[in-house]
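> Listed below, chain by chain, are the residues.
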Amino acid sequence: MKLALEHRVNPDFALSIEARFPGERHFLGLSGPSGAGKSTLLRVLAGLEKQASYHCSWFEDMPDRRVGLVFQDGLLFPHLSARENLALAMRYRKQPHYEWQDVVEGCQCAHLLDKQVSALSGGESQRVALARALLNGPDVLLLDEPLSALDLMTRHGLLKYLQRLSCSGLNILMVSHDLHDLALYCDAVGYVKAGKMQICDEPDAVLNELAHQGEYRQQQFGLLQGKRLDVTELDDYGCVAFECQGQTLYCRTGALSGEQVKMLVDARDVSLDRQPSNDSSIVNAFECEIVTVGEVRSGQVLLELARNSTRLYSLISQLSFERMRLRVGETVTARFKLR
Amino acid sequence: MDSDWTAVLLTLRLAATTSLMLMLVALPLAWWLAHWRHPLKNLVQSLIALPLVLPPTVLGFYLLVAFSPSHLPGQLWAGLFDSQLAFSFSGLVVGSMVYSLPFAVQPLYTAFVQLDYRYLEVSKTLGLSAFARFRRVVVPLCRPYFVVALGLTFAHTVGEFGVVLMIGGNIPGQTQVLSIALYDHVESLDYDRAHLLAFGLLVFSFVMLSLLYRFNRKGSAE
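So the sequence lines, in the order shown, correspond to chains A and B. Just so we're aligned: the first sequence equals residues 1 to 339 in this note's numbering. Just so we're aligned: the second sequence equals residues 340 to 561 in this note's numbering.
Watch out, some of these pointers could steer you wrong.
Straight line, CA to CA, 25 Å or less: simulated DMTMM-like cross-link-like pairs of lysine to aspartate or glutamate [what the hints assert, rightly or not]:
#1 Lys50/A / Asp531/B
#2 Lys193/A / Asp178/A
#3 Lys463/B / Glu60/A
#4 Lys160/A / Asp204/A
#5 Lys463/B / Asp204/A
#6 Lys115/A / Asp139/A
#7 Lys463/B / Asp178/A
#8 Lys115/A / Asp421/B
#9 Lys94/A / Glu84/A
Read the hints as simulated data drawn from the structure, not as lab findings.
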């Protein structure tokens, strides 16, 4: 997807975006610090900023497009019940893309429909607002922190639903501060800072680039992905196996998209040793090479590990680092729990 | 008594006509004012609020002058409708609209200033037309203010005296509204009928205000 956008928000801040998301992707993510211009970007694409000029390849050959926008606080009409909010969206829908029942179940809001909007919690409002936008039959769906108030399980459930919708052809651009949600579920991710698109690439490349730039150091994640392996006996354990750079890994909460499995590994969860195998209870072992050693901060060292193009990070204590005498170029086994 | 009933009916007709017509004028005016950013905005707001502080006879006097066929408003009216505004029911409606303008505009202005316009943005992305956005979002969200504007305009028109006396005189069946009929009874020392009309107006005003307060409390509780 190609995106070019110019908008002067005020004398001190202008949004100037020139981005090309790789490939023909349907589910794109956008992250960045507060005040970077992410929400304004969505408002421009939704046609709510009259002064802005923009071009988006998604909108080509779509003069009569319907662009849905879901705000962070839902903005359900307070004079209507949840059901009436959805019915209003249905009444003015452009095309009957989605069935009421599918959307209500996908957004997990069937039990909320007869409630007054004022009785809904923040997370419940967000789910109903998402359902309202979908029932309106959008060609493009813009989401501004739409799941920020949801618990982890529900959030992942909705992200999987959005991923399914994108696989069936719905174009989605989602803004989130949670870069890891975006990395797991989106096909490509952009990082906006001070009104400019800093990075725009595959999720793992964005995570790696941000690590090099020093962003998110305390919460550095590596993104491991690969093809799902058909190991039926694992079903009883509630986990799946996948092949990543010739090695078998196991995960539980990874995002499944067809045969592709993604797994985020927190640098704090990765321990290192020099044994190819041991009797540890830690299931995953990933043989890789130390590529860079970060500066010592607060008694901790961040190591960047790599196997071919796959990157992984390990945040270990300075004490361990010096005791083990780890060096750049050395091959180690990174161990992390099945999550 | 028949003349009193005529005055009651005329007053109700005047108040209803004025309220409905004033809403048509006040709605776009209040919307425009709420969005207008200009150094002259204070002056325009003061002009609209002027009937709140101006003695009704002063307003009535200027309206009477404007309604005369020798001045532009009177000439335009005569050219369009082949009748004169002064001492006519139409003149009373126009005068009452000017006199009650702030009572209609102010609540609507407050409504449009406090309205969260993001609801309109959401409804726009849902494909609602401008009219549908107004009908399905603005009106329900601002309903208490609409009712207050309508109620105050109605009650204020029912109770007006100075302006209607100046521009309408005291023609039974045409311009003699309740307050003027009451004044007429006092002048002719018919205190029984004066008491009846005065008490009727008092009860009406009290009931009207009570209903407005009750409605607003309900609106805010929702």
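> Compare the structure with each hint and give your call.
Taking the hints in turn, this is what the structure says about them:
no., hint, in the structure
1, Lys50/A / Asp531/B, "violated (66 Å)"
2, Lys193/A / Asp178/A, "holds (15 Å)"
3, Lys463/B / Glu60/A, "holds (21 Å)"
4, Lys160/A / Asp204/A, "holds (19 Å)"
5, Lys463/B / Asp204/A, "violated (36 Å)"
6, Lys115/A / Asp139/A, "violated (29 Å)"
7, Lys463/B / Asp178/A, "violated (28 Å)"
8, Lys115/A / Asp421/B, "violated (58 Å)"
9, Lys94/A / Glu84/A, "holds (18 Å)"
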